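Chain residues, written in single-letter form:
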Amino acid sequence: MPSYTLDINNTKYTVDVDQQMPLLWVIRDFAGLTGTKFGCGIAQCGACTVHIDGAPVRSCSFPVTGAVGKKITTIEGISANIDHAVQKAWIEHQVPQCGYCQSGQIMAAVALLKRNPKPTDPDIDTAMQGILCRCGTYQRIKNAIHRAAELI
Amino acid sequence: MRNLPTYQKCNTPRCRINLVFYKPILESLLIIIQIRNKIREFGFFKTSQSSIMQQNTSTIDRRKFLKLSGITGTGFLIGMNHSLANKIVTQNFLSGAETYEFTPLINIEKSGAITIFNTRPEIGQGTWQSVPSMIAEELEVSLDMVNIVQTGGQKKYGPTQWVGGSSSVRGSYGELRKTGASTREMLQKAAATLWNVPFEECYAENARIFHKPSGKSAGYGELAEAASKLEVPSSPKLKDPKDFKMLGKATPRPDVPLKSSGRAIFGIDASTPGMVYASIERCPVMGSKLVSFDDAATKNIKGVLQVVKSERIVGIYRYETIAVIAENYWAALQGRKALKVIWDYQGRQTFNSKNFETKLRSMASEEGLLDHSQGDFEKSFSSAPIKLESFYETPFVSHSPIEPMNCLASWTAGNKVEIWTSTQVPGDVVTGTAKEFSIPEENVTLHTLFNGGAFGRRLINDYIYEAVDISKKIKKPVKVIWTREDDTQQGPFRPLTFSAMKAGLSADGKAIAFQHKVIAPSLEATLDKSHDKTKVNKTMTEAISEQKYEIPNMKNSYVAAEFDMPLLYWRAVTSTTLAFAHECFIDEMAVKAKKDPLDYRIEMIKKNSDAEKVLRKLKEVSQWNKALPAGWGRGVAQYEFFAGLCGQVVEVSKKGKGIKIEKVYAVIDMGTVVNPDTVKGQVEGAIVMAISAAIKTGITFDKGQTVQTNFHNNPILRINEMPVVEVHIIADGGEVIKGAGEPGLPPLAPALCNAIFAATGKRIKRLPFDINNI
Numbered sequence: 001m002p003s004y005t006l007d008i009n010n011t012k013y014t015v016d017v018d019q020q021m022p023l024l025w026v027i028r029d030f031a032g033l034t035g036t037k038f039g040c041g042i043a044q045c046g047a048c049t050v051h052i053d054g055a056p057v058r059s060c061s062f063p064v065t066g067a068v069g070k071k072i073t074t075i076e077g078i079s080a081n082i083d084h085a086v087q088k089a090w091i092e093h094q095v096p097q098c099g100y101c102q103s104g105q106i107m108a109a110v111a112l113l114k115r116n117p118k119p120t121d122p123d124i125d126t127a128m129q130g131i132l133c134r135c136g137t138y139q140r141i142k143n144a145i146h147r148a149a150e151l152i
Numbered sequence: 153m154r155n156l157p158t159y160q161k162c163n164t165p166r167c168r169i170n171l172v173f174y175k176p177i178l179e180s181l182l183i184i185i186q187i188r189n190k191i192r193e194f195g196f197f198k199t200s201q202s203s204i205m206q207q208n209t210s211t212i213d214r215r216k217f218l219k220l221s222g223i224t225g226t227g228f229l230i231g232m233n234h235s236l237a238n239k240i241v242t243q244n245f246l247s248g249a250e251t252y253e254f255t256p257l258i259n260i261e262k263s264g265a266i267t268i269f270n271t272r273p274e275i276g277q278g279t280w281q282s283v284p285s286m287i288a289e290e291l292e293v294s295l296d297m298v299n300i301v302q303t304g305g306q307k308k309y310g311p312t313q314w315v316g317g318s319s320s321v322r323g324s325y326g327e328l329r330k331t332g333a334s335t336r337e338m339l340q341k342a343a344a345t346l347w348n349v350p351f352e353e354c355y356a357e358n359a360r361i362f363h364k365p366s367g368k369s370a371g372y373g374e375l376a377e378a379a380s381k382l383e384v385p386s387s388p389k390l391k392d393p394k395d396f397k398m399l400g401k402a403t404p405r406p407d408v409p410l411k412s413s414g415r416a417i418f419g420i421d422a423s424t425p426g427m428v429y430a431s432i433e434r435c436p437v438m439g440s441k442l443v444s445f446d447d448a449a450t451k452n453i454k455g456v457l458q459v460v461k462s463e464r465i466v467g468i469y470r471y472e473t474i475a476v477i478a479e480n481y482w483a484a485l486q487g488r489k490a491l492k493v494i495w496d497y498q499g500r501q502t503f504n505s506k507n508f509e510t511k512l513r514s515m516a517s518e519e520g521l522l523d524h525s526q527g528d529f530e531k532s533f534s535s536a537p538i539k540l541e542s543f544y545e546t547p548f549v550s551h552s553p554i555e556p557m558n559c560l561a562s563w564t565a566g567n568k569v570e571i572w573t574s575t576q577v578p579g580d581v582v583t584g585t586a587k588e589f590s591i592p593e594e595n596v597t598l599h600t601l602f603n604g605g606a607f608g609r610r611l612i613n614d615y616i617y618e619a620v621d622i623s624k625k626i627k628k629p630v631k632v633i634w635t636r637e638d639d640t641q642q643g644p645f646r647p648l649t650f651s652a653m654k655a656g657l658s659a660d661g662k663a664i665a666f667q668h669k670v671i672a673p674s675l676e677a678t679l680d681k682s683h684d685k686t687k688v689n690k691t692m693t694e695a696i697s698e699q700k701y702e703i704p705n706m707k708n709s710y711v712a713a714e715f716d717m718p719l720l721y722w723r724a725v726t727s728t729t730l731a732f733a734h735e736c737f738i739d740e741m742a743v744k745a746k747k748d749p750l751d752y753r754i755e756m757i758k759k760n761s762d763a764e765k766v767l768r769k770l771k772e773v774s775q776w777n778k779a780l781p782a783g784w785g786r787g788v789a790q791y792e793f794f795a796g797l798c799g800q801v802v803e804v805s806k807k808g809k810g811i812k813i814e815k816v817y818a819v820i821d822m823g824t825v826v827n828p829d830t831v832k833g834q835v836e837g838a839i840v841m842a843i844s845a846a847i848k849t850g851i852t853f854d855k856g857q858t859v860q861t862n863f864h865n866n867p868i869l870r871i872n873e874m875p876v877v878e879v880h881i882i883a884d885g886g887e888v889i890k891g892a893g894e895p896g897l898p899p900l901a902p903a904l905c906n907a908i909f910a911a912t913g914k915r916i917k918r919l920p921f922d923i924n925n926i
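Quick mapping for you: the protein sequence lines, in order, are chains A and B.
If you use the working numbering, the first sequence closes out at 152, no skipped numbers anywhere.
If you use the working numbering, the second sequence closes out at 926, no skipped numbers anywhere.
Since the hints were made in silico from the structure, they are not lab data.
Worth double-checking, as some hints may not be accurate.
To be verified - No more than 30 Å apart at the CA atoms, straight line, and that leaves these computed lysine-lysine pairs for DSSO-like:
{"no.": "1", "chain 1": "A", "residue 1": "K118", "chain 2": "B", "residue 2": "K812"}
{"no.": "2", "chain 1": "B", "residue 1": "K461", "chain 2": "B", "residue 2": "K627"}
{"no.": "3", "chain 1": "B", "residue 1": "K807", "chain 2": "A", "residue 2": "K118"}
{"no.": "4", "chain 1": "B", "residue 1": "K815", "chain 2": "A", "residue 2": "K118"}
{"no.": "5", "chain 1": "B", "residue 1": "K624", "chain 2": "B", "residue 2": "K662"}
{"no.": "6", "chain 1": "B", "residue 1": "K815", "chain 2": "A", "residue 2": "K88"}
{"no.": "7", "chain 1": "B", "residue 1": "K454", "chain 2": "A", "residue 2": "K12"}
{"no.": "8", "chain 1": "B", "residue 1": "K308", "chain 2": "B", "residue 2": "K262"}
{"no.": "9", "chain 1": "B", "residue 1": "K690", "chain 2": "B", "residue 2": "K451"}
{"no.": "10", "chain 1": "B", "residue 1": "K917", "chain 2": "B", "residue 2": "K806"}
{"no.": "11", "chain 1": "B", "residue 1": "K758", "chain 2": "B", "residue 2": "K531"}
{"no.": "12", "chain 1": "B", "residue 1": "K917", "chain 2": "B", "residue 2": "K747"}
{"no.": "13", "chain 1": "B", "residue 1": "K806", "chain 2": "B", "residue 2": "K759"}
{"no.": "14", "chain 1": "B", "residue 1": "K690", "chain 2": "B", "residue 2": "K511"}
{"no.": "15", "chain 1": "B", "residue 1": "K307", "chain 2": "B", "residue 2": "K330"}
{"no.": "16", "chain 1": "B", "residue 1": "K687", "chain 2": "B", "residue 2": "K917"}
{"no.": "17", "chain 1": "B", "residue 1": "K397", "chain 2": "A", "residue 2": "K88"}
{"no.": "18", "chain 1": "B", "residue 1": "K690", "chain 2": "B", "residue 2": "K758"}
{"no.": "19", "chain 1": "B", "residue 1": "K454", "chain 2": "A", "residue 2": "K71"}
{"no.": "20", "chain 1": "B", "residue 1": "K401", "chain 2": "A", "residue 2": "K88"}
{"no.": "21", "chain 1": "B", "residue 1": "K744", "chain 2": "B", "residue 2": "K815"}
{"no.": "22", "chain 1": "B", "residue 1": "K454", "chain 2": "A", "residue 2": "K70"}
Predicted, not measured: the structure shown is a model, and the values here were computed from it.
Based on the sequences and whatever the hints tell you, model everything.
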């Protein structure tokens with residue numbers, strides 16, 4: 001069984017797993033970081049979105065081998081005190097309902113704002129359409145992203 | 153949803169299959185299902201096995217966290233204290249002798265720590281805030297001063313440990329305010345006695361009692377011991393609503409920071425020492441019999457520990473299943489894919505939606521069971537100068553909460569079981585598990601965690617019982633996680649309904665005769681073996697006879713269709729399909745009468761009713777009479793049912809061959825509102841869910857199983873399809889409180905289709921429809 005060292009939120013984890021194991025299960029079941037969620041397993045819902053070198057990826061369909069030597073950031077890694085601009089905007093707009101998809105939503109929003117600090121509504125639609133919300137918080141997500149753009 | 157606890161007492165012997173009209177004509181077929189070939193099932197990767205060498209972790213230690221909170225024995229605890237620089241803290245409250253219980257729902261420690269127990273599970277509807285706030289308001293504490301603890305079905309917390317039917321706030325409002333006020337009076341009395349001053353000279357504020365003349369004060373913690381020994385006042389003085397600090401105001405939800413940081417713990421996140429994982433193979437043709445299975449390849453996969461037969465108990469059904477147990481979830485999935493299973497489909501593989509729907513259409517001519525009759529429908533219809541008839545169709549749909557079904561169960565010596573899960577019904581999980589496994593209720597310990605969506609799906613315990621059963625068999629704590637494919641294929645589903653509509657109008661367009669005949673399978677027949685099929689099933693005719701339109705001659709009825717798979721309540725239940733037929737048909741009547749559809753409704757609706765109020769408000773806020781751009785159209789609908797009342801106006805525009813939903817105006821009638829921002833969020837979300845149900849694929853069957861398997865072929869609305877939603881709340885006070893979670897769904901589909909008619913002249917009579925090709 002191969003051994004891999006992963007950098008998750010600036011902490012090194014060495015795991016001994018099958019090379020095909022999706023990053024999601026390494027993050028959840030081995031690193032014990034449960035903020036990243038399982039929703040569909042086929043990159044359709046985006047609940048598992050994390051950053052690899054700053055870019056959003058669907059960790060349920062991303063093999064662990066692809067993440068070696070790169071910086072992995074999960075929802076737990078974007079701030080220590082829930083004070084990232086996106087989180088502040090999420091709280092101000094009371095975005096989450098059940099909250100299960102919101103880690104993925106926030107990770108996608110953080111990545112969007114990093115490369116596009118003032119996104120338009122169509123920009124938001126394009127960047128965020130991969131993340132499903134069954135509770136239907138989309139309107140608040142859109143408003144909160146505009147608010148986060150002001151806060152950054 | 154309203155009569156929750158009665159339906160899932162399924163201690164029946166294995167259910168006999170009785171497929172009346174799709175009775176098998178072929179011999180039962182034996183087919184080997186090669187799970188391995190179904191690549192889509194779980195993604196794109198293969199076997200794995202692993203162990204971990206963890207170096208360090210900078211996050212909360214979940215295991216320690218769970219263990220710690222488990223010590224209290226009073227429910228799982230997620231505490232948050234805003235005073236600590238917005239830092240999430242986890243603490244072990246109720247630690248011992250210094251804690252005083254005022255009612256089972258309020259504890260105050262000598263240190264001043266206050267705990268409010270929330271009996272209503274948080275499923276996204278905001279009960280984590282709304283329910284404790286009703287206590288806190290009267291107790292004179294703010295929510296950032298208290299720890300909120302979710303109860304786990306313990307007897308002492310009473311019968312309200314469930315959520316459904318948009319009932320949490322309206323079902324607790326008076327009771328919980330009284331609970332908070334009683335405790336406040338006890339603390340005030342203790343202070344008055346301590347200071348030897350009149351009770352009336354004291355008042356409560358910010359968790360302290362003050363003596364007004366002298367200005368001296370004492371914290372609740374200091375008074376707790378003396379106060380807890382006093383008699384609980386039976387009729388404490390409640391606050392005047394004009395003095396409310398929280399109730400009726402947009403108050404932030406304490407779960408929002410947890411859910412914006414990955415710190416909220418859902419059922420799927422639970423863990424306990426020694427835990428193993430399971431993935432369960434269930435036949436996609438529900439009701440099949442397990443003939444045999446070959447697990448040789450499964451057992452060769454590293455990490456797989458064992459394979460056991462289990463059972464899924466869902467409603468009146470008991471389905472045979474095979475559980476693959478492994479050291480980690482990924483290995484369990486790989487092991488499951490490697491199983492070779494032979495099922496006997498019992499003839500069920502011939503069932504398909506096309507034939508089922510044809511059958512339903514043919515049943516429209518049946519008389520059915522009478523739901524409601526007034527005047528003489530037959531006579532008035534046959535003599536009416538203007539007649540209309542129409543037929544409307546809707547689909548099965550899945551609940552599809554993004555958190556798949558899951559449960560961690562640990563069966564230990566002495567027939568005790570500990571359960572961590574997401575559920576709408578903690579009380580029923582405890583009593584149901586005790587009954588199903590023949591153990592005393594005291595032997596069941598439940599940790600109710602945040603629900604990653606529920607929408608009715610987590611009203612039943614099928615996914616819990618299977619985890620308990622497996623843990624009992626393997627003698628280890630086991631976490632069962634369903635795949636999205638399991639969730640999509642295994643139901644239970646919201647039933648479809650077909651509606652045969654008739655109306656007779658006078659020469660001047662006034663409605664004089666009306667009929668709504670529902671043809672549908674009975675939801676409750678699949679949940680309750682004692683369901684009486686000779687009586688009309690009110691769930692399947694939900695509210696069609698309770699709309700406030702004053703039509704002198706009416707006859708509504710129900711034709712029951714046979715359907716032999718699990719069905720279940722879905723958010724807003726059958727109103728989500730019946731309102732489509734009902735309110736589109738009212739629109740057809742308005743068109744025939746050559747009247748404005750909104751004015752036609754107002755003319756017909758009972759004067760001074762809440763429904764009239766909603767329609768008038770809608771007319772105002774949507775600027776109904778203002779001209780729209782060319783190619784646009786607007787439509788209206790309202791529906792009043794057990795959960796409450798909401799009306800909507802939808803504006804659409806033509807976009808090439810399709811339609812764009814531009815804007816939705818919603819007016820929800822609440823009576824009294826606890827958190828208006830939460831109510832608005834609920835209506836916004838309900839509209840999204842209703843749009844998905846109207847324009848996405850729904851669930852269809854072929855070869856005895858669902859055609860849909862995952863979000864790629866059972867899609868839900870995405871952000872780029874989201875219209876602007878504007879929600880208005882009518883909250884004019886009074887005794888009656890209406891629900892918030894569900895009423896936003898029913899009016900959407902009819903208002904949308906009425907708008908499409910206004911824009912294009914095309915009348916949509918079947919859901920779902922392709923909005924990109926009208």
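These are the hints, each one checked on the structure:
no. : hint            : verdict
1   : A:K118 / B:K812 : 26 Å, holds
2   : B:K461 / B:K627 : 14 Å, holds
3   : B:K807 / A:K118 : 28 Å, holds
4   : B:K815 / A:K118 : 24 Å, holds
5   : B:K624 / B:K662 : 65 Å, violated
6   : B:K815 / A:K88  : 27 Å, holds
7   : B:K454 / A:K12  : 25 Å, holds
8   : B:K308 / B:K262 : 22 Å, holds
9   : B:K690 / B:K451 : 50 Å, violated
10  : B:K917 / B:K806 : 19 Å, holds
11  : B:K758 / B:K531 : 24 Å, holds
12  : B:K917 / B:K747 : 21 Å, holds
13  : B:K806 / B:K759 : 36 Å, violated
14  : B:K690 / B:K511 : 22 Å, holds
15  : B:K307 / B:K330 : 20 Å, holds
16  : B:K687 / B:K917 : 28 Å, holds
17  : B:K397 / A:K88  : 24 Å, holds
18  : B:K690 / B:K758 : 23 Å, holds
19  : B:K454 / A:K71  : 29 Å, holds
20  : B:K401 / A:K88  : 20 Å, holds
21  : B:K744 / B:K815 : 26 Å, holds
22  : B:K454 / A:K70  : 27 Å, holds
In terms of the numbered hints stated before, the structure departs from hints 5, 9 and 13, listed from lowest to highest.
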